[in-house]
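**Q** Starting from the known structure of chain A, arrange chain B on it as the hints suggest.
Number of protein chains: 2
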Amino acid sequence: MKLATLRNNRPDGQLVVLSADSTRFVSATRIAPTLQAALDDWTAHAPALSALAAQLDAGAIAGQVFDPAQALAPLPRAYQWIDGSGYLNHLERVRTLKGSKDEELQSTRPLLYQGGSDSLLAPTDPIRVTDPDLALDFEAEAAVIIGPVPMGATKAQASSAIRLVTVCNDISLRRLVADDLQNGFGFFHAKPSTSFAPIVATPESLGTAWRDNRLHLPVRIEVNGNLYGQPNAGTDMHFDFADLIVEAARTRPLAAGTIIGGGTISNSHDETLPIKRDGIGFACIAEARTVEKLKYGRARTPFLKPGDVIRIGALSPNGQSTFGDMVQTVTLV
Amino acid sequence: MKLATLRNNRPDGQLVVLSADSTRFVSATRIAPTLQAALDDWTAHAPALSALAAQLDAGAIAGQVFDPAQALAPLPRAYQWIDGSGYLNHLERVRTLKGSKDEELQSTRPLLYQGGSDSLLAPTDPIRVTDPDLALDFEAEAAVIIGPVPMGATKAQASSAIRLVTVCNDISLRRLVADDLQNGFGFFHAKPSTSFAPIVATPESLGTAWRDNRLHLPVRIEVNGNLYGQPNAGTDMHFDFADLIVEAARTRPLAAGTIIGGGTISNSHDETLPIKRDGIGFACIAEARTVEKLKYGRARTPFLKPGDVIRIGALSPNGQSTFGDMVQTVTLV
Numbered sequence: 007m008k009l010a011t012l013r014n015n016r017p018d019g020q021l022v023v024l025s026a027d028s029t030r031f032v033s034a035t036r037i038a039p040t041l042q043a044a045l046d047d048w049t050a051h052a053p054a055l056s057a058l059a060a061q062l063d064a065g066a067i068a069g070q071v072f073d074p075a076q077a078l079a080p081l082p083r084a085y086q087w088i089d090g091s092g093y094l095n096h097l098e099r100v101r102t103l104k105g106s107k108d109e110e111l112q113s114t115r116p117l118l119y120q121g122g123s124d125s126l127l128a129p130t131d132p133i134r135v136t137d138p139d140l141a142l143d144f145e146a147e148a149a150v151i152i153g154p155v156p157m158g159a160t161k162a163q164a165s166s167a168i169r170l171v172t173v174c175n176d177i178s179l180r181r182l183v184a185d186d187l188q189n190g191f192g193f194f195h196a197k198p199s200t201s202f203a204p205i206v207a208t209p210e211s212l213g214t215a216w217r218d219n220r221l222h223l224p225v226r227i228e229v230n231g232n233l234y235g236q237p238n239a240g241t242d243m244h245f246d247f248a249d250l251i252v253e254a255a256r257t258r259p260l261a262a263g264t265i266i267g268g269g270t271i272s273n274s275h276d277e278t279l280p281i282k283r284d285g286i287g288f289a290c291i292a293e294a295r296t297v298e299k300l301k302y303g304r305a306r307t308p309f310l311k312p313g314d315v316i317r318i319g320a321l322s323p324n325g326q327s328t329f330g331d332m333v334q335t336v337t338l339v
Numbered sequence: 007m008k009l010a011t012l013r014n015n016r017p018d019g020q021l022v023v024l025s026a027d028s029t030r031f032v033s034a035t036r037i038a039p040t041l042q043a044a045l046d047d048w049t050a051h052a053p054a055l056s057a058l059a060a061q062l063d064a065g066a067i068a069g070q071v072f073d074p075a076q077a078l079a080p081l082p083r084a085y086q087w088i089d090g091s092g093y094l095n096h097l098e099r100v101r102t103l104k105g106s107k108d109e110e111l112q113s114t115r116p117l118l119y120q121g122g123s124d125s126l127l128a129p130t131d132p133i134r135v136t137d138p139d140l141a142l143d144f145e146a147e148a149a150v151i152i153g154p155v156p157m158g159a160t161k162a163q164a165s166s167a168i169r170l171v172t173v174c175n176d177i178s179l180r181r182l183v184a185d186d187l188q189n190g191f192g193f194f195h196a197k198p199s200t201s202f203a204p205i206v207a208t209p210e211s212l213g214t215a216w217r218d219n220r221l222h223l224p225v226r227i228e229v230n231g232n233l234y235g236q237p238n239a240g241t242d243m244h245f246d247f248a249d250l251i252v253e254a255a256r257t258r259p260l261a262a263g264t265i266i267g268g269g270t271i272s273n274s275h276d277e278t279l280p281i282k283r284d285g286i287g288f289a290c291i292a293e294a295r296t297v298e299k300l301k302y303g304r305a306r307t308p309f310l311k312p313g314d315v316i317r318i319g320a321l322s323p324n325g326q327s328t329f330g331d332m333v334q335t336v337t338l339v
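Residue numbers (this note's numbering), protein chains in the order written: chain A, 7 to 339; chain B, 7 to 339.
One chain only, chain A, in its complex shape (with noise of 0.2 Å):
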């Protein structure tokens, strides 16, 4: 089942079901108004909504053309946004970036933070920034919704609370994170309304994609039209999804509609950009300005600036966008 929320003028927006393909929907609002609505209750409505879904499949429900410049992030705002660091390549490639603690970095428990998770910025969002030298850096995930899991969660605990599963944009501005990591507090400045793809899919409904706690998929970002990157989010994940739930309920519940981000996707090589058509690349500026660093003396990749445009979106093996691309404009405001 795909799920998604298109606008409605309201904070929340309208939550639909999606046909297989992603290319109809139906509106839900007779199960549940909400995402967060369908999530609070979700042993009551996912059989419903599954059946509306089974509906629209066969044809039963004619369904409305879907049109992802009209949703909203799965959660526009969400009760708990956390993002984990799934690959350790990821923290091993930045750790050299200035004011990173990341020496003391250990591959027995994950880090996470907890993000802002007031404003969850649509696909079509334009990422809104004040600066155009704050450094702006995308950095593209897989993430989950949850269901509650309880404080002190085992691991089959934590993995049968996953519900859907999506890709999103951890939007970053590095300038700030060196200031952000010294005060100890957490990634405040440095981390603003992250991005998310506008489709949600139950992991049953991503076949073998989805397991073992990870999404087997390649992640494909653009910048400008040039492919910068595809990784597979299933690939070098040290900590799956449930290593990451259980970490953050060691010492407090979870909530449903909690999300959890696995972190900057980050497959081992040592490619340089522009990357070939079947080669790997990064999932952010960063990973790559270090690799540039350390191969050339000299970081050649730029950041983000004002009217880039960044694309990203999961890839299903028949070449579709498994949750719908994010496609995104840097505008200065």
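Each hint should be verified, as a subset may be incorrect.
Copies of one chain are not kept apart here, so a pair can be met inside one copy or by any two copies together.
[To be verified] Calculated cross-link-like contacts (lysine to any residue; reagent style SDA-like; alpha-carbon spacing at most 20 Å): (1) 161 with 136; (2) 299 with 339; (3) 161 with 68; (4) 301 with 136; (5) 311 with 138; (6) 311 with 158; (7) 311 with 157; (8) 311 with 256; (9) 282 with 231; (10) 311 with 136; (11) 161 with 339; (12) 311 with 279; (13) 311 with 230; (14) 301 with 209; (15) 301 with 278; (16) 299 with 241; (17) 299 with 15.
Hint data in this document are derived by calculation from the structure and do not stem from the laboratory.
Here the structure is a predicted model, which means the values were calculated and not measured.
**A** Frame of chain A, contents of chain B only:
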């Protein structure tokens, strides 16, 4: 106007309007079902809620007896909980704690951290811990709930966005603070769910107790019935709430219903515990222990342990608890 959220077996509870003396309430669900719904359209809803409060105070509506034990946190789950550091005394006192990076602390911009807001504790909820040895501490704070604030807001915009005022307990696991600071990713594990007083009040309703974007009331803390501290939240607050909001909105907008904490209340003095009736004391144990170490060579005050009861509330000049008290028992689960 004073508002509260009562239990109704739904995650967001039910919004009620209180009488000025906090003894009676009337349901506000015909205006807005929840506090978040009221905040989403405050301009439309606030006058209607205020009119209802006037009817209750005039006796035109009898109302029902308000029982704080039936109250949830005013926002039982919120889209954002940001805790600031308004009081430099607090940071100066705890900067000597192991692992703290606060040596580089500057007084020109306040520190902020992003707290978990998916499950905020009711004023009478137990404080549940899975391990009795995590150095459980309280942090008594003033807090405000705001309307929408644009990215890059001015201080005037920030000040006018303050909708409601209350007090909270930013529960802290001191033994995990050093690890969290070391990671640099924020207080993820050291800050489990925060507790809130049962009542929120508009700034106007607080009279002279709300001025200069500060709450000028003593906040009284008792541990197991013994007075622990009663610092004034309006004294020595270096960064006021508008300053904290401006800093929070530097790189991103803030949505309606964002809660901003003022940080652990801390007045300048060199007393140690136990405090006398007219003493000031401390609003967290960590500060008391630091002062004790300096004076006596060792910390004397223990952290909270299972069975301990912590009571926190702001005191009006007439001796009333302005927002109602939090009365919570530490419980090992």
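**Q** Hint by hint, say whether it matches the structure.
**A** Hints versus structure:
Taking CA atoms no more than 20 Å apart as the test, residue 161 paired with residue 136 passes between copies only; the shortest distance there is 17 Å, against 42 Å inside one copy. Taking identical chains as interchangeable, the C-alpha atoms of residue 299 and residue 339 are never at most 20 Å apart, the minima being 32 Å within one chain and 50 Å between chains. With identical chains, the CA atoms of residue 161 and residue 68 are never at most 20 Å apart, being 41 Å at best within one copy and 52 Å at best between copies. Proximity of residue 301 to residue 136 under the C-alpha cut-off of 20 Å is found in neither arrangement, the shortest distances being 33 Å within a copy and 48 Å between copies.
Taking identical chains as interchangeable, the C-alpha atoms of residue 311 and residue 138 lie at most 20 Å apart only when both belong to the same chain, with a minimum of 6 Å there against 50 Å between chains. Taking the closest pair of Cα atoms, residue 311 and residue 158 come within 20 Å of each other only across two copies (19 Å); inside a single copy the shortest separation is 43 Å, beyond that limit. Taking identical chains as interchangeable, the C-alpha atoms of residue 311 and residue 157 lie at most 20 Å apart only when they sit on different chains, with a minimum of 18 Å there against 42 Å within one chain. Within a single copy, residue 311 and residue 256 get their C-alpha atoms only as close as 39 Å, which misses the 20 Å cut-off; across copies the closest is 19 Å, which meets it.
When the C-alpha separation of residue 282 and residue 231 is checked against a cutoff of 20 Å, the pair qualifies only within one copy, where the shortest distance is 14 Å, while the shortest distance between copies is 70 Å. Proximity of residue 311 and residue 136 under a CA criterion of 20 Å is satisfied intra-copy only: 12 Å inside one chain copy versus 47 Å between copies. Taking identical chains as interchangeable, the C-alpha atoms of residue 161 and residue 339 lie at most 20 Å apart only when they sit on different chains, with a minimum of 19 Å there against 44 Å within one chain. Taking the shortest alpha-carbon separations for residue 311 and residue 279, only the intra-copy value of 18 Å comes in at or below 20 Å, while the best inter-copy value is 55 Å.
Only within a single protomer do residue 311 and residue 230 lie at most 20 Å apart by alpha-carbon distance; the minimum there is 11 Å, versus 57 Å between protomers. Taking the closest pair of Cα atoms, residue 301 and residue 209 never come within 20 Å of each other, the shortest separation being 39 Å inside a single copy and 59 Å across copies. When the C-alpha separation of residue 301 and residue 278 is checked against a cutoff of 20 Å, the pair qualifies only within one copy, where the shortest distance is 8 Å, while the shortest distance between copies is 58 Å. When the C-alpha separation of residue 299 and residue 241 is checked against a cutoff of 20 Å, the pair qualifies neither within a copy, at 24 Å, nor between copies, at 50 Å.
For the identical chains of this complex, residue 299 and residue 15 are neighbours neither inside a copy (46 Å) nor across copies (57 Å), given an alpha-carbon limit of 20 Å.
Violated hints, listed in ascending order, are 2, 3, 4, 14, 16 and 17; each of the other numbered hints is respected by the structure.
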